[in-house]
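Student: Going down the list, the sequences are from chains A and B. The first sequence maps to residues 5 to 198 in the working numbering. The second sequence maps to residues -2 to 226 in the working numbering.
FYI, nobody ran anything at the bench for these hints, they're computed from the structure. It is possible that part of the hints are untrue.
[Stated by the list, open to error] Residues of chain B placed beyond 12 Å of chain A at every Cβ, according to the derived structure:
{"id": "1", "residue": "Arg58"}
{"id": "2", "residue": "Phe75"}
{"id": "3", "residue": "Val76"}
{"id": "4", "residue": "Arg79"}
{"id": "5", "residue": "Val81"}
{"id": "6", "residue": "Leu85"}
{"id": "7", "residue": "Gln105"}
{"id": "8", "residue": "Ser112"}
{"id": "9", "residue": "Ser113"}
{"id": "10", "residue": "Leu121"}
[To be verified] Label pairs and their in silico Cβ distance ranges:
{"id": "11", "chain 1": "A", "residue 1": "Glu197", "chain 2": "B", "residue 2": "Ser60", "range": "43 to 51 Å"}
{"id": "12", "chain 1": "B", "residue 1": "Leu91", "chain 2": "A", "residue 2": "Asp93", "range": "46 to 54 Å"}
{"id": "13", "chain 1": "A", "residue 1": "Glu138", "chain 2": "B", "residue 2": "Leu77", "range": "52 to 60 Å"}
{"id": "14", "chain 1": "A", "residue 1": "Phe114", "chain 2": "B", "residue 2": "Ser60", "range": "55 to 63 Å"}
{"id": "15", "chain 1": "B", "residue 1": "Gln57", "chain 2": "A", "residue 2": "Glu196", "range": "17 to 25 Å"}
{"id": "16", "chain 1": "A", "residue 1": "Ala140", "chain 2": "B", "residue 2": "Leu80", "range": "25 to 33 Å"}
{"id": "17", "chain 1": "B", "residue 1": "Val81", "chain 2": "A", "residue 2": "Gly167", "range": "44 to 52 Å"}
[To be verified] Derived coverage of chain A by chain B (criterion: at least 3 residues anywhere in the stretch with Cβ under 8 Å from a Cβ of chain B; other residues may be distant):
{"id": "18", "stretch": "66 to 79"}
{"id": "19", "stretch": "186 to 196"}
Here a beta-carbon is modelled for each residue, glycine too, at the ideal position from N, C-alpha and C.
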Amino acid sequence: MPATEPPNISALIPDVPTETDEADVRTLDLVQRLVERAREGGVDAFGDLYRRYYAPLFRLARAHLGEEAEDAVAETFLRAWKGLPGYKDTGPPFLAWLYGIARHVIADEFRRRARVEPRADLPEGRVEWKVDDELALAVAIRGLPDEQRQVIELKFLMGATNGEVAAALGKSEGAVNAKQWRALGALRKMLEET
Amino acid sequence: MRSSLERDLARWERGELSLADLGLRHQGRAAGMVALYQRLTDIGGAAVPDPEPGWERLRQRLSQRPNVVQVRTVGPAFVLRRLVARPLALAAALLLLGGAVGYAAAPQAVNHRLSSFWESVEDLFRDEPRQGGPDRTPGSSGDDEPGLAPSVPDDEEGDDGDGEEGEDREDGDDRDEREDGDDDDRDGPSEDSGEGPGDGEGEDDEGTAEPSDGGSSNEGPDDAVEPDD
Chain A
5 MPATEPPNIS ALIPDVPTET DEADVRTLDL VQRLVERARE GGVDAFGDLY
55 RRYYAPLFRL ARAHLGEEAE DAVAETFLRA WKGLPGYKDT GPPFLAWLYG
105 IARHVIADEF RRRARVEPRA DLPEGRVEWK VDDELALAVA IRGLPDEQRQ
155 VIELKFLMGA TNGEVAAALG KSEGAVNAKQ WRALGALRKM LEET
Chain B
-2 MRSSLERDLA RWERGELSLA DLGLRHQGRA AGMVALYQRL TDIGGAAVPD
48 PEPGWERLRQ RLSQRPNVVQ VRTVGPAFVL RRLVARPLAL AAALLLLGGA
98 VGYAAAPQAV NHRLSSFWES VEDLFRDEPR QGGPDRTPGS SGDDEPGLAP
148 SVPDDEEGDD GDGEEGEDRE DGDDRDERED GDDDDRDGPS EDSGEGPGDG
198 EGEDDEGTAE PSDGGSSNEG PDDAVEPDD
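All chains, full assembly: derive it from the sequences and hints.
Tutor: Laid out in structure tokens, this is it:
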């Protein structure tokens, strides 16, 4: 047995009481129904989706943005709320759709930081944060090729299973597995060089 | 990375291979990968704040959006207007402008030939035959050279010219009205989507540019008369 079990998204999502009062609260079917009700303007259903996907999105945002993760999550859900009427369930899990929005929010935040905070004027606290191990890892993750980065972010930061990652990326589980280990190899190399 | 290492790491991840066996097979290479794997897993499993305060704040920011898809639809009329009408209008304006400039810049002899040509064309549609030919002497009747005898002939030709200018101006007004209408159409969805204003501004710029071209083309014939004086 490995020392650490691979993360499972269903286990990471907190089991919170919802208005739907369903026994199988973690099923995909329930998520689809919540999405449908949120699309029709159901704020409570959208609140359930928020509670379900808050943790994976927060971890993703925290890995890249640190303290501003909370704002990034709020912005992600705000954009999701606005975009829900145009959402179509085409196969990939709803988490993948949220992940796509979160990536844009994170990228926007980096662009904003680049405009507002020139590197030469970084405060001391931010410099200390820059040398932090987690941030170095996040920088290395951003340096990966797109698909490898997506695998790492979806699987490790957001807690998706190999099957969920495969569905999100439209790949086979074997391909996702291979990309995962290649990504880890590349990450290790990048971290050793820094 | 060697495929055997990938395969064994995958087996370790599935629980089919122990960490000790993995280390025995691949020594340090596997240990580094496993350490990174566990580090990432720890980050993914770190505690997160309670979502409820964040949801309460977010809930207040959620406006009751309408149950319509806020997608800017592009109909055939829009495509026709964008792809056909505007290039045609621009080409017509450029043609008029180029003709006017060319007429003004041409030597007098060429202008005279052109004037003669247009007079002969007018003669074709005239009920009564012209009293004097194009080569008559100055001061004879002045029908065809407005600069030499401005009284009666100028009224006739002036009317034609004014009428044409008026028509041009009306065309311009029509174009303006059409584009105003476009702007009105665009204003609605742009306010909703928040992406519209950029497009609308650009099209307004085009709209203001086109009438100025038409104006210059209207001025062309007047300029062309001056050399005759």
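Student: Each hint should be assessed against the structure and marked as holding or not.
Tutor: Hints, verified against the model:
1. Against chain A, the non-interface label of Arg58(B) is violated: not every CB pair exceeds 12 Å, the least being about 6 Å.
2. Distance to chain A confirms Phe75(B) as a non-interface residue, since its nearest Cβ pair spans about 20 Å, more than 12 Å.
3. Every Cβ of chain A is farther than 12 Å from the Cβ of Val76(B); the closest lies at roughly 21 Å, confirming the non-interface assignment.
4. Every beta carbon of chain A lies more than 12 Å from that of Arg79(B), the smallest distance being close to 23 Å; the non-interface claim holds.
5. Against chain A, the non-interface label of Val81(B) holds: every CB pair exceeds 12 Å, the least being about 29 Å.
6. Every CB of chain A lies more than 12 Å from the CB of Leu85(B), the least distance being 34 Å, so the non-interface label holds.
7. Here Gln105(B) stays apart from chain A, with its beta-carbon at least about 61 Å from theirs, past the 12 Å limit.
8. Remark: the non-interface label on Ser112(B) is consistent with the geometry, its nearest Cβ contact in chain A lying 63 Å away (cut-off 12 Å).
9. Distance to chain A confirms Ser113(B) as a non-interface residue, since its nearest Cβ pair spans about 66 Å, more than 12 Å.
10. Under the 12 Å C-beta cut-off, the non-interface status given to Leu121(B) relative to chain A holds; the minimum distance is some 63 Å.
11. Judged by the Cβ atoms, the range 43 to 51 Å given for Glu197(A) and Ser60(B) holds: they are separated by roughly 48 Å.
12. Distance hint check for Leu91(B) and Asp93(A): the Cβ-Cβ separation is about 50 Å, which falls inside the suggested range of 46 to 54 Å.
13. One distance hint, 52 to 60 Å for the beta-carbon pair Glu138(A) and Leu77(B), holds here, with the actual separation near 55 Å.
14. For Phe114(A) paired with Ser60(B), a C-beta distance near 28 Å fails the hint of 55 to 63 Å.
15. Taking 17 to 25 Å as the suggested C-beta distance range, the pair Gln57(B) and Glu196(A) does not conform, at roughly 47 Å.
16. In this structure the supplied range 25 to 33 Å is violated for Ala140(A) paired with Leu80(B), their Cβ-Cβ distance being about 51 Å.
17. The hinted window of 44 to 52 Å between Val81(B) and Gly167(A) holds, with their beta carbons roughly 50 Å apart.
18. For the stretch 66 to 79 of chain A, the stated coverage by chain B is satisfied: 5 residues place a CB nearer than 8 Å to a CB of that chain, which reaches the threshold of 3.
19. Residues of the stretch 186 to 196 of chain A with a Cβ under 8 Å from some Cβ of chain B number 6, which satisfies the need for three, so the listed coverage holds.
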